[in-house]
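Top to bottom, those sequences are chains A and B. Start counting the first sequence at 20; every next residue gets the next number (this note's numbering). Start counting the second sequence at 128; every next residue gets the next number (this note's numbering).
Hints in this document: simulated from the structure, not taken from any laboratory. On a predicted model such as this, the values are computed, not experimentally measured, just so you know. Among the hints, erroneous ones may be present.
[As the list claims (entries may be wrong)] Here are some, though not all, of the chain B residues that point toward chain A, as calculated from beta-carbon distances under 8 angstroms: (1) Phe190; (2) Asp200; (3) Ala208; (4) Ile212.
[To be verified] Sample of chain B residues with no beta-carbon within 12 angstroms of chain A, all distances over it, derived: (5) Asp192; (6) Lys205; (7) Ala207; (8) Phe242; (9) Arg274; (10) Ile337; (11) Lys448.
Every residue, glycine too, gets a C-beta built ideally from N, C-alpha and C.
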Amino acid sequence: MEKMHIAEIVSIEGLDILAEPKERATLPIGTLLKTTKVNSIVFVVLDDLYMNMIPGGSHDAYGIPEDKIEEMYPHVSDYLRYLVRIYPLAELDKDHLFHVSKSPVMNALLYEVESEEVKNILENSFVVRELSLIDIGKFPKRNKAIINLLRNYFLQFDENERTEKLKDFLPVLSSSFRRDYASLMEIVRGVKG
Amino acid sequence: MENEYIGYIVSGSFGEGLTFKVNTFVNPENIRIGDFVVVEGKNMDYLCVIDDIRLKATTDEVFFDPPVDEEVDGGIEKIAASSYIYNEISIFPYLALPKSANVFGTTVKTLPTHFAKVRNVRSQDFLRIIPQKNAFFIGTPLTSSERLYIDLEKLSMRNTGLFGITGSGKSFLARIIFAGLIKQGISTLLVFDMHNEHGRSIRTEDGRSIDSLASLFPDRVKIFDVSTANKDANKYIEISYKDVEPEDIALVEDQLKFSPKSLETLEIVAQKESNWLEYLLDIYDNISDKKGEAERLGVNLESLDALVRHLKKLKTLDFLKNIGKSNSINEIIENLENGVSVVVQFSGNYRDDRLTYYFVSNVITRRIFEKFSEQSEGSIKNRVTIAIEEAHKFLSKQYEATNIFGRIAREMRKFNVTLFIIDQRPSEIDPEVLSQIGTRLVMELKDENDISAVFQGSSHSKRLVKILSTLEQKQALVFGYAVPLPLPINVRPYDEEFVKEMKDIKKKNAKDEIY
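Between the sequences and the hints, there should be enough to build the whole structure, so can you do that?
Take a look at the structure:
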C-alpha cells in the first residue's frame with residue numbers, strides 16, 4: 020500500500036516555500052520532509068503559520084478565538100490556511116545526497132523522512148553545513164528547528180551510545196557554525212539537555 | 128595504539144620555525160616545552176623541538192559565554208567550542224630525516240608544506256641523529272624513555288661548558304662524560320676535583336657508595352692529592368717555590384685578602400728578586416732594615432709589609448715547599464702524555480679550600496701549558512681535556528688575556544688541549560671565552576644574566592631560553608658541536624647499571640644498538 024503524503028507544496032517564492040499539511044499542527048519544526056515523484060528533495064520544517072490567502076486579510080479580524088472560527092464560520096478555511104515553511108537541504112539521487120540544484124515542483128507531495136533515513140542524511144557533513152547557512156534573520160526559528168531535528172536523531176541511540184555519538188558529531192557542527200558562536204552554543208545546549 | 132598524530136602545520140618560515148595546530152581530541156597538557164616531534168613532509172621528515180605553546184581564540188565571544196567545565200557535561204561544550212579555541216605550538220626543525228630508514232639526519236634546507244602532519248617521535252627517529260661511532264648514551268627525552276646520544280669525539284675537540292646552579296646535578300653529568308671519554312679512549316683527562324667526587328668512590332643520594340673514575344678505570348686513572356691524609360691517592364703533590372709565578376698569586380688575591388697596592392708591589396718585587404717567593408715568605412721577616420729594603424726595591428714600605436703579611440697564609444700550605452723544581456707536576460704531565468688521566472684532589476685540611484684549589488690548579492695548568500706549547504702543532508697525539516670547577520674564578524672578565532686558562536681556551540686547541548669548564552655563574556666568565564665553547568651542557572639556572580651568558584654566541588638563543596626555563600634537577604639542555612640539534616634530556620643516572628656498563632670489557636657502542 021503506498022505511503023500517504025502528509026503535506027503539499029502550495030507556494031514557492033525562491034527559498035520561501037510553503038506547504039500545507041493534511042492535518043493541522045502535526046509537523047513540529049525540525050521535521051524532515053521529502054518529495055519523491057518529479058524530483059527528490061529533502062526539506063526541513065522551519066516554521067508554522069496561519070496565512071490568509073486573501074491579500075490584506077487576517078484571521079484576527081474575526082475577533083473570536085481560533086478554535087471557534089471553523090465552527091462559526093466554516094468557510095473561513097477557504098481563505099485561512101495552516102501552513103508550514105520549509106527549506107530545501109539536499110537532493111536525493113539513487114541513495115546519494117547532493118546539494119540542491121533543482122527547484123521543487125508546485126503542488127508536489129511531501130512525505131515524512133523515516134528515522135533511518137534521517138540518520139543517513141545527517142551523516143553527510145554538507146547537510147549540517149546547509150543548516151548553518153539558513154538565514155536566521157529570515158527564519159528566526161532556525162536554531163530551534165535544528166535542536167529538535169538533532170534531539171530526535173540522537174534519541175534513536177540508546178543512552179550509553181548517545182553521548183559518544185554526540186561527541187563524534189560535534190566537530191562537524193562546530194566547524195559548520197564557526198562564524199556564529201552564539202547559535203552553536205544554543206544548539207549544543209538545547210541538544211544535550 | 129594511541130593515535131600518534133597530534134596536529135598539522137599551519138604556518139612557518141625558515142628563520143622563525145613552524146607552527147602547528149593541535150588536533151581537537153589531543154590533550155594539550157601532554158605537550159611539553161622541550162619535547163621532540165616529527166613533521167611528516169612529502170620528501171622528508173623533520174625532527175623538531177617544541178619551544179612555545181600558545182592558547183588561541185578566533186573570537187572574543189567565547190570568553191563572554193565560555194563552555195562549561197568537562198566535569199559538568201563530559202566535555203561536550205568544549206568539543207563544540209573547538210573551532211573557536213585551540214592550541215598552537217611553535218617548533219623548530221633541527222634535523223631533516225630522509226624517508227629511507229637507517230639513513231642519518233642532515234641539515235634542514237627545506238620546509239614541509241601546509242597541513243603536513245605532526246606526530247610524536249618514535250625510537251627509530253632518535254637512532255638517526257648521530258652517525259659517528261663515538262655516539263655515547265647521555266640521557267633520555269624529557270617525557271619518554273628512548274636513548275639519546277652525544278658525539279664524545281666532537282665534544283672533546285673543542286672546549287666544553289657545563290653550567291647549572293648548585294644541586295642541579297652537574298657533578299653527576301660531568302662524571303658520566305668523563306667516564307665516557309676515558310672508556311672510549313677519546314681523551315685523557317686532568318680533573319681538578321674540588322669536592323673529591325671523581326676519585327675512587329662517591330656517595331649516592333641515598334647514602335650508598337658507588338665507584339668513581341679511579342675505580343672504574345684503575346689502569347687509566349691516577350689520583351694525585353695535595354694532602355697526605357688521602358690514602359686513596361697514588362701520589363702526593365709538592366709545589367716548589369720555583370713553580371709559582373706572580374700570576375698564581377694574583378688569582379687568589381681575594382683569598383689572601385690583598386689590599387689594593389699588594390698586587391702591584393708583588394709584581395715589582397718579582398721583577399727585582401729572582402727567588403721572590405722565598406724572599407717574601409722566608410727572608411723578609413728577618414731583615415732588620417726594612418725601610419732600606421723598600422727603597423732598594425722601589426716600593427712603599429707599608430705596602431711591602433702588608434704584602435708579606437697577607438702572603439703568610441701560603442705558609443699554611445704544607446705542600447708548598449722551598450725545594451728545587453718539584454717532580455710531582457712532571458709526573459702529572461708524563462701521565463697525561465702516556466694516556467693516563469689524572470684526578471687532582473684536595474683532601475684533609477685542604478678539602479673545599481678555595482685558596483688551595485685555585486692556587487694549585489693554576490700552577491699545574493700553567494706548567495702544562497708551557498710544556499705543551501713547546502711542542503709543534505699536531506705532535507701531541509693524546510688529546511688532553513682539563514676539567515675545572517668554579518671556572519668563573521679562573522676565567523672571569525677581570526683577569527687579563529694572559530690568564531692561563533683563558534689562553535688554553537683560546538690557543539690550545541691546535542695542541543689538542545681543551546677545557547671542560549664547570550660553573551654555576553657563567554655570567555662572570557669572560558664572554559670571549561664563552562664564545563670559544565663548542566658544546567654546552569646547561570642544567571637548571573635561575574639568574575637571568577647567567578641564562579643570557581650561556582647562550583652567548585649560539586644560534587636560536589631565544590628559543591632555547593624557553594626550554595631552559597622549564598628544566599628541573601637532573602635535566603639538561605645539550606647543544607653545540609657534539610649534537611646536531613639541541614637535546615633537552617633527563618640525564619641518565621650514575622648508578623650500578625652505569626658502573627657495570629663502564630667496566631664491561633666488551634666495548635659496546637651505539638652502533639651496536641642501531642644495527
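Comparing the hints with the structure gives:
no., hint, in the structure
1, Phe190, "violated, 10 angstroms"
2, Asp200, "holds, 6 angstroms"
3, Ala208, "holds, 7 angstroms"
4, Ile212, "violated, 10 angstroms"
5, Asp192, "violated, 6 angstroms"
6, Lys205, "violated, 9 angstroms"
7, Ala207, "violated, 4 angstroms"
8, Phe242, "holds, 15 angstroms"
9, Arg274, "holds, 38 angstroms"
10, Ile337, "holds, 52 angstroms"
11, Lys448, "holds, 82 angstroms"
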